[in-house]
Amino acid sequence: MPRPPRSPLAPPASFVWTRRIVLTLLGVFTFLPLWVMLSSSLKPLRDVQAGFSWLPTHLTLRPYVDIWSTVPLGHYFVNSLVVSSCSTAISVVIAILAAYAVSRHRFPGRQLFSVTVLSTQMFPGILFLLPLFLIYVNIGTATGVQLNGSWLGLIVTYLTFTLPFSIWMLVGYFDSIPRELDEAAKVDGNGPIGALVRVIVPAALPGIVTVAVYSFMTAWGEVLFASVMTDDSTRTLAVGLRNYASQNDVYWNQIMAASLVVSVPVVVAFLLLQRYLVAGLTAGSVK
Amino acid sequence: MAEPRTPVAAHPARNWARVRRAGLPYLLLLPAVVFELLVHVVPMLTGIYMSFKHLTEFFIRNWGAAPAAGWDNYRFALDFNGAIGRQLLQSFWITCAFTVLTVGLSWLLGTGAAVLMQDPFRGRGLLRTYFLVPYALPAYTAAITWEFMFQRDTGLVNTLLVHDLHLFKTAPFWLIGGNSFWALLITAVWRTWPFAFLVVTAGLQNIPGDLYEAAALDGAGTWQRIRSITLPQLRSVNQVLVLVLFLWNFNDFNTPFTLFGNVPPPQANLISVQIYDTSFQNWNFGSGSAMSVLLLLFLLLVTAVYLLLTNRRGKSDA
Chain A
1 MPRPPRSPLA PPASFVWTRR IVLTLLGVFT FLPLWVMLSS SLKPLRDVQA GFSWLPTHLT
61 LRPYVDIWST VPLGHYFVNS LVVSSCSTAI SVVIAILAAY AVSRHRFPGR QLFSVTVLST
121 QMFPGILFLL PLFLIYVNIG TATGVQLNGS WLGLIVTYLT FTLPFSIWML VGYFDSIPRE
181 LDEAAKVDGN GPIGALVRVI VPAALPGIVT VAVYSFMTAW GEVLFASVMT DDSTRTLAVG
241 LRNYASQNDV YWNQIMAASL VVSVPVVVAF LLLQRYLVAG LTAGSVK
Chain B
1 MAEPRTPVAA HPARNWARVR RAGLPYLLLL PAVVFELLVH VVPMLTGIYM SFKHLTEFFI
61 RNWGAAPAAG WDNYRFALDF NGAIGRQLLQ SFWITCAFTV LTVGLSWLLG TGAAVLMQDP
121 FRGRGLLRTY FLVPYALPAY TAAITWEFMF QRDTGLVNTL LVHDLHLFKT APFWLIGGNS
181 FWALLITAVW RTWPFAFLVV TAGLQNIPGD LYEAAALDGA GTWQRIRSIT LPQLRSVNQV
241 LVLVLFLWNF NDFNTPFTLF GNVPPPQANL ISVQIYDTSF QNWNFGSGSA MSVLLLLFLL
301 LVTAVYLLLT NRRGKSDA
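In the order they appear, the protein sequences are chains A and B. The working numbering applies: residue 1 is where the first sequence begins, and numbers increase by one. The working numbering applies: residue 1 is where the second sequence begins, and numbers increase by one.
Since the hints were made in silico from the structure, they are not lab data. Note that the structure is a prediction, hence the values are computed from the model and not measured. Beta carbons are placed, not taken as given, at the ideal position from N, Cα and C, and that holds for glycine. One should not assume that every hint holds.
[Unchecked claim] Here are the simulated distance ranges between beta carbons: (1) Pro206/A <-> Cys96/B: 49 to 59 Å; (2) Ser176/A <-> Pro172/B: 48 to 58 Å; (3) Thr129/B <-> Leu205/A: 19 to 29 Å; (4) His75/A <-> Gln281/B: 20 to 30 Å; (5) Gly82/B <-> Leu59/A: 52 to 62 Å; (6) Trp283/B <-> Leu205/A: 43 to 53 Å; (7) Asn243/A <-> Trp283/B: 18 to 28 Å; (8) Ile139/A <-> Trp71/B: 51 to 61 Å; (9) Val145/A <-> Trp93/B: 38 to 48 Å; (10) Ser53/A <-> Phe173/B: 15 to 25 Å; (11) Pro108/A <-> Val34/B: 12 to 22 Å; (12) Ile139/A <-> His163/B: 50 to 60 Å; (13) Pro67/B <-> Ser53/A: 57 to 67 Å; (14) Val145/A <-> Leu308/B: 42 to 52 Å.
Kindly produce the complete structure, drawing on both the sequences and the hints.
Below, the structure written as structure tokens:
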């Protein structure tokens, strides 16, 4: 990480104290919900219902066991896993192809493509939701391909959500790979696709992994489309947990345990890769 | 950047190779274009078409048969004396207030933290990672946790305010009534500011180091460097960041929907949820579509004006 050179003068006390105070407050703000999640998930139901206490008095792991039977969590988990993995895999491949075209070729319509794709990113999801819902219902009636209420419909929908960002970020990554590598691959007898697969993809792997994690996170946490386009058999974690949490008698300890279980994989992946994400954002903002 | 070389030859096989080469980028873009068309462009056009129809639950499977509505749906949505229009207008103002506050606070916290953490100190890397946790959490788990914290009798917020700090005599409600707006705002800021932090941190790394060296030679202090170098250099990053934050929060559905469920309190009724309710609770798709189109027009207008203003100011500064 390039750093600004250290000033010969140490920062003044006012700066150091501002930094301490601001960062401490932000640290506490960030910490509170995380602590509530963790500590409540280790409490028996009776303690959670008795009012909030900062420290659990009776530690238990029961909520982590019970949650799988209270809510069909395993079922939701499988649905979310299938939908998120498939949409991520397809989306990443499509984004790699498109980004390769934009980065390595100059062709009429290149600018138009970039602008159009990026601008779809800004439109409200609610705008697409209604027509897309109706289109899926009608495709189902007309062709028998069930998109509404099925994994497939959700996969197709989610994979487009992250395409614009993925393409934009990968173009930045691909641009930073020297063209001599392409040329070398061509000398070795590779076509453009061979060069992409053998040279560019390995060289841009950090960027590709970052894009994949971002896509996965987006699909994993999406609520709006999932709430309309899933039925009982394809319900994802996002909708399943939310529906459960909005009931009157909520086992909050179990819900907190479930929230932790479904968060940990994506949070860990994200934090491991944040370095690359920063690098990708930096590369993107240069242009 | 070099053009891919196209051999100039009359040979038919060479010509074919040329066509293939010229066609290659389009072939590579094809999947992306097809899916964008299917999920974004076609539905958007369909949505505009639907907004001119009386589309209710009776016509879902055969919406071509829905009677034409002319401008009726728009008239209802914009008739601020009628029930639908009044609700929409109220929800619009709430969304505006919510967005301005969320974007402002998130930007302030994100930029503040990033700038304060620009110079290395012990534990900086760890703290950076830690601050990103809320952004990495799935949106709904964060909102569910806040929902639990805002519970009147068993939540952390009232425990803190009533029992620990004695600020209130009786425990206030947070998820219904006027307080629900603040509950929504706090939840949104908690999730959003780390993103601003992430983007500004990335932006800071693009500021050339010699600017700071020059300032140090001139004897500029830390605060002065922040004011005269760091903040102005962040201008282009901020331009994009604020726009993105604005669009995200104005369209936010996950947070209110998770926090309050299908029927949010009127004081925290964001526009996305309002349109959702019109469409899927009242089964009035025509009306919902008209509202979506109005929302899109509003967002386009704001974006255009914003880009025009910030670009012009950017130029006159340069």
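Evaluated hints:
1. Pro206/A <-> Cys96/B: 49 to 59 Å: violated (40 Å)
2. Ser176/A <-> Pro172/B: 48 to 58 Å: Taking Cβ atoms as reference, Ser176/A and Pro172/B lie about 53 Å apart, which means the hint holds.
3. Thr129/B <-> Leu205/A: 19 to 29 Å: Between Thr129/B and Leu205/A, where Cβ atoms are some 21 Å apart, the hint holds.
4. His75/A <-> Gln281/B: 20 to 30 Å: With a Cβ separation near 26 Å, His75/A and Gln281/B satisfy 20 to 30 Å, so the hint holds.
5. Gly82/B <-> Leu59/A: 52 to 62 Å: holds (57 Å)
6. Trp283/B <-> Leu205/A: 43 to 53 Å: With a Cβ separation near 48 Å, Trp283/B and Leu205/A satisfy 43 to 53 Å, so the hint holds.
7. Asn243/A <-> Trp283/B: 18 to 28 Å: holds (20 Å)
8. Ile139/A <-> Trp71/B: 51 to 61 Å: Distance hint for Ile139/A, Trp71/B is violated at roughly 29 Å.
9. Val145/A <-> Trp93/B: 38 to 48 Å: Given range 38 to 48 Å: holds, Cβ gap about 43 Å.
10. Ser53/A <-> Phe173/B: 15 to 25 Å: holds (21 Å)
11. Pro108/A <-> Val34/B: 12 to 22 Å: holds (19 Å)
12. Ile139/A <-> His163/B: 50 to 60 Å: Since Ile139/A and His163/B have Cβ atoms about 56 Å apart, the given range 50 to 60 Å holds.
13. Pro67/B <-> Ser53/A: 57 to 67 Å: holds (60 Å)
14. Val145/A <-> Leu308/B: 42 to 52 Å: holds (44 Å)
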